[in-house]
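There are 2 protein chains.
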Amino acid sequence: MRIISETSSDGVREQLFTLGDIPGVLWTPDGATGIRPLIVMGHGGGQHKKAPGILTRAHRFVRECGFAVVAADVPGHGDRPVDPEYDRINTENQARVAAGEDLAALIAEFQAVVARQTVPEWQAVLDAVQSLEHVGTGPAGYWGVSLGCGLGVPFVAAEPRIRAAVLGLGGAAASAEPAARITVPVEFLMQWDDERVPRTQGLALFDALGSAEKTLHANPGKHADILPAYELDSTVHFFTRHLT
Amino acid sequence: MRIISETSSDGVREQLFTLGDIPGVLWTPDGATGIRPLIVMGHGGGQHKKAPGILTRAHRFVRECGFAVVAADVPGHGDRPVDPEYDRINTENQARVAAGEDLAALIAEFQAVVARQTVPEWQAVLDAVQSLEHVGTGPAGYWGVSLGCGLGVPFVAAEPRIRAAVLGLGGAAASAEPAARITVPVEFLMQWDDERVPRTQGLALFDALGSAEKTLHANPGKHADILPAYELDSTVHFFTRHLT
Chain A
1 MRIISETSSD
11 GVREQLFTLG
21 DIPGVLWTPD
31 GATGIRPLIV
41 MGHGGGQHKK
51 APGILTRAHR
61 FVRECGFAVV
71 AADVPGHGDR
81 PVDPEYDRIN
91 TENQARVAAG
101 EDLAALIAEF
111 QAVVARQTVP
121 EWQAVLDAVQ
131 SLEHVGTGPA
141 GYWGVSLGCG
151 LGVPFVAAEP
161 RIRAAVLGLG
171 GAAASAEPAA
181 RITVPVEFLM
191 QWDDERVPRT
201 QGLALFDALG
211 SAEKTLHANP
221 GKHADILPAY
231 ELDSTVHFFT
241 RHLT
Chain B
1 MRIISETSSD
11 GVREQLFTLG
21 DIPGVLWTPD
31 GATGIRPLIV
41 MGHGGGQHKK
51 APGILTRAHR
61 FVRECGFAVV
71 AADVPGHGDR
81 PVDPEYDRIN
91 TENQARVAAG
101 EDLAALIAEF
111 QAVVARQTVP
121 EWQAVLDAVQ
131 SLEHVGTGPA
141 GYWGVSLGCG
151 LGVPFVAAEP
161 RIRAAVLGLG
171 GAAASAEPAA
181 RITVPVEFLM
191 QWDDERVPRT
201 QGLALFDALG
211 SAEKTLHANP
221 GKHADILPAY
231 ELDSTVHFFT
241 RHLT
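Chains A and B are the protein sequences, given in the same order. Each residue of the first sequence is one higher than the one before, starting from 1 at the first, in our numbering. Each residue of the second sequence is one higher than the one before, starting from 1 at the first, in our numbering.
Just so you know, these hints were derived from the structure itself, not from any lab. Fair warning: there could be bad hints in the mix.
[Said to hold, decoys possible] Each computed EDC-like pair below joins lysine to aspartate or glutamate, with the alpha-carbon atoms no more than 16 angstroms apart:
#1 B:50 / B:79
#2 B:222 / B:193
#3 A:222 / A:193
#4 B:222 / B:195
#5 B:222 / A:207
#6 A:222 / B:213
#7 A:50 / A:14
#8 A:50 / A:79
#9 A:50 / A:6
#10 A:222 / A:195
#11 B:222 / A:213
#12 A:222 / B:207
[What the hints assert, rightly or not] Label pairs and their calculated CB-CB ranges:
#13 A:34 / B:79: 54 to 62 angstroms
#14 A:228 / B:113: 31 to 39 angstroms
#15 A:133 / B:193: 44 to 52 angstroms
In this text, a Cβ means the ideal position worked out from N, Cα and C, and glycines have one as well.
I would like the entire structure built from these sequences, with the hints used as guidance.
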């Protein structure tokens, strides 16, 4: 793990790093030392590790809860080069959708391929970040919606260090099988008017989660609409409940 | 309005009253004077104005938020006599269900009949309670699930003084029509394994709500299972957001 740069704003220390060829960012409270809870965040499709929705939440988790937060660019996103293999699949899929194939099934297939790479990548990031003195091996959580849900569900299912997860804006076609293996508490977010993930798909993914404690929050709005402010408050309460 | 008795515990003043033949209870902070937000609470079927689920919530609203809370016995419940007309309908309905008729439709029909009585009763209770010096005409909210939702939806739809409502454990068959006339913010609670209200019915009632701001919270559990503690926290935040 190589630290590339370090800045600070509003009490939040931001360290850009690379781990092999994975670009990542770690946020911690200014001047923090010792063990603290860590949130791994997965960004959405076409976004990156410092997208506004990630940054806003990361700053709140750090400032209000004293947590560490880490996010990495997904292959083909942010500071990573275009991946020729994923690019080829995407181009093929566009042709298959144009030819009438089901988009949801193609997205599911594609996310499963990418997850085979990101699950071990994020596990390596977790190893590296938890070995830092100002993070340590405290309890960990995961936050990710949309692509961050498609890749997050197999990650949370595979990674026993994750003790609680906020997921959402994803469907059962992509994620029901690994979702059934999740047993930690989940807060699951739906947009009631999601034009990309059919409502029945979102409800079926919530239903598929194996967790004894899971809570569904649905609000009016389309896929990419900004979630109501009270949902971020709820997420802060959720992680505080389960990681402290 | 006639005050029958007054007690106090844990900083909460409890006044039992009758308004005509409606028995009710008002909770306010000990020693409170002046205007404050008021929550009207509707109890569940077979329950009464001081059922444990009502009492627990009322005490939190009073102690944590400084609100006033009022609940009245629904006809045929608590301190009210058996209503011969409702009793006759219930007996008839039991026979109709035994003969194979749809229970949900019969419940819907019955609740609509009762609501024609309870809506004006609760409006009269609101008038009376808000005329008291230690309540006053502040913003008002409504809380009710199950029967409290079936009777609450037409009440909230009819009563412009209600500015925010927590509803749930009810279905569209009973309540979709008045629900469409509700425009205030709603927090809607579902039990994901509700054996009395089919899941599709609950989702359809949430969908039918006319409110621009509405949020669905679903958790594993059967109809009468106790809601998770974090839902009560969420309800406290919801009313605080909208009534203060």
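To see whether the hints hold, each was checked on the structure:
no. : hint                              : verdict
1   : B:50 / B:79                       : 10 angstroms, holds
2   : B:222 / B:193                     : 5 angstroms, holds
3   : A:222 / A:193                     : 5 angstroms, holds
4   : B:222 / B:195                     : 6 angstroms, holds
5   : B:222 / A:207                     : 14 angstroms, holds
6   : A:222 / B:213                     : 14 angstroms, holds
7   : A:50 / A:14                       : 11 angstroms, holds
8   : A:50 / A:79                       : 11 angstroms, holds
9   : A:50 / A:6                        : 14 angstroms, holds
10  : A:222 / A:195                     : 6 angstroms, holds
11  : B:222 / A:213                     : 14 angstroms, holds
12  : A:222 / B:207                     : 14 angstroms, holds
13  : A:34 / B:79: 54 to 62 angstroms   : 59 angstroms, holds
14  : A:228 / B:113: 31 to 39 angstroms : 36 angstroms, holds
15  : A:133 / B:193: 44 to 52 angstroms : 46 angstroms, holds
Of the numbered hints given earlier, the model fails none.
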